[in-house]
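Let the hints inform the model, and build the full structure from the sequences given.
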Amino acid sequence: MSLPHLPPNVIRAVYLLASVLFIIGIKQLSSPKSARNGNLLASVGMLLAIVATLLDRQILSYGTIAAGIVVGGLIGTVAASRVAMTAMPQMVALFNGSGGGAAAIVSSLEYLRFARAGLPVPPVSGVTILVGALIGAVSFTGSIVAFGKLQGLVTERAVTYPLQKPINFILFIAIVAASAWLVVAGRTDVMVYAWFAAAALLFGVLFVIPIGGGDMPVVISLLNSFTGLATAATGFSLHNHVLIISGTLVGASGTLLTYLMCKAMNRPITNVLFGAFGAVVKGTGAAGAARAGAMAGKGVREVSVEDTATILAYARSVIVIPGYGLAVAQAQHSVRELADVLKSRGVDVKYAIHPVAGRMPGHMNVLLAEANVPYQELYDLDAINPEFERADVALIIGANDVVNPAARSDPSSPIYGMPILDADKAKHIIILKRSMKPGFAGIENELFYNPKAMMLFGDAKDTVSKVVHAVKTV
Amino acid sequence: MIEQLLTDLTIFVLAIFIGYEIISKVPVILHTPLMSGTNAIHGIVLVGAMLVAGTPEGPLVTALGFVAVVLGTINVVGGFLVTDRMLRMFAGKTPGGR
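From first to last, the protein sequence lines stand for chains A and B. Residues in the first sequence are numbered from -2 upward in steps of one, following the working numbering. Residues in the second sequence are numbered from 3 upward in steps of one, following the working numbering.
These are computed hints drawn from the structure, not numbers from a lab. What you are looking at is a predicted structure, and each value in this text was computed from that prediction instead of being measured. For glycine and all other residues, C-beta sits at the position ideal for the given N, C-alpha and C. You can trust all of the hints, since none of them are fake.
Stretches of chain A that chain B covers, calculated by requiring three or more beta carbons in the stretch to come under 8 Å of a beta carbon on chain B:
#, segment
1, 27 to 35
2, 73 to 81
3, 88 to 94
4, 109 to 117
What follows is a set of in silico ranges between Cβ atoms, one per label pair, in the way DEER data are often shown:
#, chain 1, residue 1, chain 2, residue 2, range
5, B, E59, A, N369, 53 to 59 Å
6, A, D459, B, P61, 51 to 57 Å
7, A, L0, B, T64, 15 to 21 Å
8, A, G183, B, P61, 26 to 32 Å
9, A, F271, B, P61, 38 to 44 Å
10, A, L0, B, V15, 34 to 40 Å
11, A, D379, B, P61, 57 to 63 Å
12, B, E59, A, S28, 44 to 50 Å
13, A, R9, B, T64, 23 to 29 Å
14, B, V15, A, T152, 40 to 46 Å
15, A, N369, B, V15, 41 to 47 Å
A few chain A positions that, by computed beta-carbon distances, are all more than 12 Å from chain B:
#, residue
16, V151
17, F166
18, M433
19, G455
Okay, here's the thing in structure tokens:
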């Protein structure tokens, strides 16, 4: 089978067009109205680039490519159309890992090409090949671990083990030494290259495994930019400009996004990556110990579904604080129903969205949009915090760390300094939770022991449905 | 060789600035679709995978090339579809926006 060939200059022009479409596409993704169109433009750019590549005269056989596209297309389509909105972060992690794996393989095959031809690898090609393979491999295995943590296949807790730092350090030195040898040696050495690749894959696992489940969004965002950079590196190896431009765009935007996410949590990136944050904090410092003692002495106050319904029905204003617990229980539709019945009784209902609610920035907005909650009712942290003083009820559904006052008051707390929603300022605080288990950060929440706080235990979806029913009969 | 490298580096550096500029003003609500959308765009590595898979040099290269094309295609197809699914929920229900 053979397809007609396009002249190289035409292909380069198509690549330029694709790059422009990617840039306009990302630009349009920054506004809710044009976002869908932006994604569509970018996908058109991708299709153009792929078709142009098919007609490249460098391509001698189509069998492998056709089979790969069919298999990959099927897997991608099925995965993307079946995944629940709540599982979006781990889905993005997997897609990201795929890209990283592809970049690592492309770089490795370039190396193999030199080896087979018996040619020495020029230093510049050597560097770009090794960078692409290293970053791609780290992104590949790192994304798989991130997926495992979010899916519950690997423990969400930060994994620490003896000699962790020395082991990581030795591995890092080994990778650097192997890279230096491969670049300087002046001849190809497939055996050393294989060890280098294996070390890079292992490094991705060790890089992500000590990071707690709550920090996975930041990690996925960072790995997203890694894959972008790995793609750009393959562009340098293959002298392909569309790869350089697109990869770099993603690398730069992903880095910025990672920074914005860390900023929302008020934590430096180094603390996220190397702090072993998700480990259960055992009364750090005297203040923490005293606080834990005080909490142990106090009990929490439970509230019934009926009482909750009465309090809500006779409130003037209610602020709903949705958290990941709501997402896991798929309670977004029930919550909208609750808001609807309350509004029909004249209650003012608003939603307070913390920047890191859910597991990715903006994740909660996606989930609530899925349940047809109007945009106008969603308020971000700065807009809603002054409102809590006037609110009758703060209804916290499956959120924990984002309302923990320790972030304001306890310098020994790992989340100290993170901006939180001021739920404790509302007249009543109703906390809907499955159990007293601590949140992602693994720390106690003194809000639950606040005299104004009432705990409503149960599955979020189930309990909210019962409350809806009870409100209707009030 | 050096000329080629400088051209590539020029493009690389300018793309960093564009990447930074075009996303610095995105509202938080769109961060998830944005992450997912840019995730799909680095699926362009599929082009590289096709170029190496299309020049078969023995079973090892063919096998690895096949895996690279599969992974790249998953990244592209899955990435764009999942982003569209998210964005469909935003569209159409925001008269005038916020």
